[in-house]
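If you read the sequences in order, they're chains A and B. Just so we're aligned: 196 in the working numbering is position 196 of the first sequence, and the numbers increase by one with no gaps anywhere. Just so we're aligned: 60 in the working numbering is position 60 of the second sequence, and the numbers increase by one with no gaps anywhere.
No incorrect hints appear here.
What the simulated footprint calls covered on chain A by chain B, stretch by stretch (three residues with Cβ under 8 Å from a Cβ of chain B suffice, anywhere in the stretch; the number is not a length): (1) 10-18; (2) 126-137; (3) 169-175; (4) 181-191.
Away from chain B, derived, C-beta distances all over 12 Å, residues of chain A: (5) V56; (6) P63; (7) A65; (8) W69; (9) G70.
By construction, these hints were calculated from the structure, which means they are not laboratory data. Think of the CB as a built atom: it goes at the ideal place given N, C-alpha and C, for glycine as much as any other residue.
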Amino acid sequence: MTELFVTAIVADNLALAFFLGMCTFLAVSRRVATAVGLGICMIVVLGLTLPLNQLVYTHFLRPGALAGWGLPELDLSFLTLVCAIGLIAAVVQVLEMLLYRYVPELFDALGVFLPLITVNCAILGGSLFMVERQYTLAESAVYGIGSGIGWALAVIMLAAIRERLEFSRIPEGLRGLGISFIVTGLLSLGFASLAGAG
Amino acid sequence: MKSPASLMRAPLRRNNPVTVQVLGICSALAVTTSLTTALTMCAALSVVLCAASTIISALRHHIPNSTRLIIQITIIASLVIVVDLLLKAYVYDISVRLSVFVSLIVTNCLVLGRAEAFAMKQPVGRSLLDAMGNSAGYSLVLIIVASIRELGGSGSLMGYAILPLASEGGWFEPLSFLLKAPSAFFIIGLLVWLGHRRDDADSVELPDHDSHLVITQAQEGRQRP
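Model the full assembly from the supplied sequences, consistent with the hints where possible.
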């Protein structure tokens, strides 16, 4: 479990090793404060949706999952994709309502990011990896929280570096997007070198 | 109003979806370790993008504004499932190597971004042209990146040996770094530099994200829960 957790944070980092959620990653990494907000959202949503999707998959979609209902031949696994994205959208929506009702301050701070997360491929990717690697319920919870922390760490680091970059002299054509890619590449190198640290 | 020809041409370089608009990067980086997977991914994305844009554009008068994201995602997801099943049926080996990335076309911001920014407002013909142009722009970047990575990383293209490897008596020492994740970031970063033009320096500054912005605005526009 510890190994899974550490690997999910560093070596198998969703953003830096699997390139997931890159669009959001590059678009909201200009300020550290926003990056922290988005990072927290990612941890919460990944930590919630992965175990939930795992439950849905094992009890309804897996080949033979409906044997108890008298349908042993039925294989609904082709519906994984639609179910996963539907569930993610629903969880994000419910989370938004709960935040708005009980912690409005947090809603004001994080509210903008929640809708972005529904269409973030890191979340859907996490669920699909869970299905592909056949994690158990506990493993998928650990993997979800771990990869959320990894994504958050990466986006906060990139934001911190980009805030400093504003004062450096970068070749004109590389400013903005170009240099962000190069910096992300360097970050990715650093994270990859920690492979096997579990 | 842009001419049909410029709809097709602009996304190739000046307004390239990957290097200028920063859309659909996840898959562009992940499947480019070999040209075969990259080409398969391009084909899959082009089919989904063209079909999704056409369908969404044809239905645009019937899609209520408040639920349009859900409808768009459902249409795209259905198309992706069809493409995924086709790949599994006919080119199983490649579909295993593409892993989850074909399924992730659902959340590819390129497809959703074009649907939201173009197909919802324009007639079918123009939407299809726009989708074709953007698919071509996306494929162009993927093919360039994949060629560099496969040629440099394993001395072959589409699995055929081009450069004789040192381990097999040739002279070429493969740069295995090119097969690792970080190299993809560097190559795209350099492509962005290459594609940069002095006269539109402003647009190279990371845009405040088309599709994400559109989506956020759409969500903010709705009633708070």
